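Chains as they are written, first to last, in numbering that gives the first Met the number 0: chain H, 0 to 407; chain Z, 0 to 402.
Hints are computed from structural coordinates only; laboratory data are not their basis.
Quantities reported herein were computed from a predicted structural model and do not represent experimental measurements.
Capping the alpha-carbon separation at 30 angstroms, the derived lysine-lysine pairs in DSS-like fashion look like this:
hint, chain 1, residue 1, chain 2, residue 2
1, H, K334, Z, K38
2, Z, K85, Z, K133
3, H, K251, Z, K16
4, H, K383, H, K1
5, H, K250, Z, K16
6, H, K383, Z, K319
7, Z, K359, H, K334
8, H, K59, H, K1
9, H, K379, Z, K319
10, Z, K319, H, K227
A short, non-exhaustive set of chain Z residues, derived as facing chain H with CB atoms under 10 angstroms:
hint, residue
11, V20
12, T358
13, S375
14, F380
15, M384
16, N388
Here a beta-carbon is modelled for each residue, glycine too, at the ideal position from N, C-alpha and C.
Listed here are the chains, written in short residue letters.
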Amino acid sequence: MKVLMFGWEFPPFNSGGLGTACYGIAKSLSEKGMEINFVLPQNRKVSEKFLNMIPAKLPKIKIKEVDSLLVSYMTSQSYRKSFLSLDKNYQDDIYCKNLIEEVYRYAMVAKDIASEVNHEIIHCHDWMTFPAGIAAKSVSKKPMIAHIHSTEYDRSAGHGVNPEVYKIEKEGIEKADKVIAVSRFTKDRIIKNYNADERKIEVIYNAIDKNEFFPDSNCKNNLNGFNKKIVLFLGRLTLHKGPDYFLCAAKKVLEKNNNVIFIISGSGDMEYQVIEQASEMGIADKVLFTGFLRNEELKRIYKMANLYVMPSVSEPFGITPLESIASGTPVIISKQSGISEVLDHCLKVDFWDTDEMANKILAVLENEELENCLSGNSLKEIDKLHWGASADKIMGIYNDLLNKKCCA
Amino acid sequence: MPSVCFYFQVHQPFRIKKYSVFDVGRDHNYFDDENLKEKGTRAVIEKVARKCYLPTNEILLDLIRHNPEFKISYSFSGTALEQMEKFAPEVLKSFVKLVKTGNVEILDETHYHSLSFFYSDEEFIKQIEQHRKKIKEIFNYEPKVFRNTELAYNNELAALIESLGYKGIIAEGWEHYLGHRSPNFLYKPKGANKIKLLLKNYKLSDDIAFRFSNRGWTEYPLYAPKFSQWVNAINGCGHTVNLFMDYETFGEHQWEDSGIFNFLRVLPKELLKHPDNNFKMPSELVDLYDAMDEIDIHNILTWADTERDLSAWTGNSMQKSALKKIYELEEDVINSEDEKLVDDWRKMQTSDHFYYMCTKWFSDGDVHKYFSPYESPYEAFISYMNVLNDFKLRLNNAKHEYN
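One chain only, chain H, in its complex shape (with noise of 0.2 angstroms):
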């Protein structure tokens, strides 16, 4: 079967889940025997050095890259800023001045894409790629799954959102043949907020590759020296993550025990905040911010922690999690998120109770049987969460959709 995808980045080149996820789910979905066309949206001058890694590993999967500025979590702002930065000549040249113009005008070349590549499916990973999809329909009359990793309310945590980025999010669930999401979390969230049919959604969780996460118990507090525990918070320093209520909680552990690190991970719009508010709680000196890790790095971060935190407000899914338990480190994860649907063996807390935080912090990090109970367990636990699973499951929906246009 022969599949266009619109997706993003894969790892190494990813800044976040939805890169992970795209890569995990189109290269199960190859080794099933799907072809294929994945269709990314690549800034002439990062293009070359992805499209030389990714043919040699994954053969039935064919990049089509399109020029355009647009990367995966792109905001308004984050695109202007994109687009000032940029060389005079490429400004005027093809990409547009503002995001959602951009989004259609990638829309537009996916038309011609869909019109000289052979396929029988359309799906489509997050807003950006909706109108692609839907333009991409139009002209090869090709069913169209609109797969949504997450929703701009969370993304905005209820800060408002962007009217003109929900329209699009809308127009992309109604246009779409089916629509999967990541969790029942997502899903009620669509549900509610997009006033969508719940029949027409389907819950395929995300998952984790064990081949390239495992524990190292070498690693484990190995803070070159220090024989402190280390508690990580990985993930974007952006409010729907929950950065600043990971310090909250740090806070309340250091009062009681000051032989702990915590280590912040990641790059993003609440950077200089999360640093001041460090700071300003006067324990930056046992905060480490360490930016954004790739590769190496981030899987080696993993495996150093205790305990890894993840107190998002909102969050779809959830993979870092998963990651970490694959490491070798349990978690801590808010309650407000999909990922907490699937797992057992992890410690649960609602994101805003950062007592209960602490509290949970400290139990781990003071009973070492609490810390090996978890990862053991947790490690078991997550063989059931493989990508395979994921792309039998959407597979599944390929099917009925092709079955249905034949009896349509």
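Chain Z: place on chain H using the hints.
Same frame as chain H, now just chain Z:
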């Protein structure tokens, strides 16, 4: 024959509330578990009293009055009795009425339903003594037969219980130790002399206690005549059918609408239809029958799960650590001579606390989860260890005072 011997366990733990690290040093009331809401101690016993204890007691009292040959036995954990005194005195009254009929035997156990046998002989014996006192005080009764927490049993236990003067002890009738022998006879524990071992017929007991309302069961629905037939089939090759189960089978584990109460109402008459059948209490069996053979059980045998061991209480490192840490404090606690400290320490030994930390089936959405007042075994462990830390602070203060 055979005789039918009913034994019902009545137990409720004092549950530990959700207790955070921030409570340590400030909150010493571990068992005021209002924050467990409907899974808290008071809420649970009030519910179980309503759904199980009161209606079942009424049925049994009625059965005894109309069938004077009908006999049963109970064990009451000390913690259950204390809770009945505090929260459900009418339930205690109805148990007293039952015992007064003379058709009801009471077995002894540790007052705190603990695993102390495996950690401290001294403490174990003290808890049995405390239990005897309570039973004497409430029922004016002196038990002759013993049962250990979770029916945990081995040769050493039998010898110790015999040395305390008991004439009978009960255990799970598991074929792993029985081999071809039947649980429907009495046996002599290896290493003991006179004490007799009564073994639970787990197939027939669990037919009532677990399978009764299971629509997937090949024998569903279970009516009294059918069950009676199974018992009659033992005629000639067994002295007794020991039906041992949790009392909450009636109304809680098996809900009223399963028909369990109706089943119970007609079962005695149905069984008595066969002229050779009768009902016996455990000590009557001990007096009546000789031991058929010697049984050697050197490991720990319990009535739990397929493994019939203590893995549900001690199987993971959290449980092992918690148990080790609580029993480590024995000497200091006893030396403190502080009544409240000693009582709290003992309440913390109740086996349920460790059961709640079990990770064996946590992911299976299993029936075992239903009983835990916590969201996960990890949360159970966290509350317990925080409480332990507060307790240690109090213990240290007490130490400094008498030094």
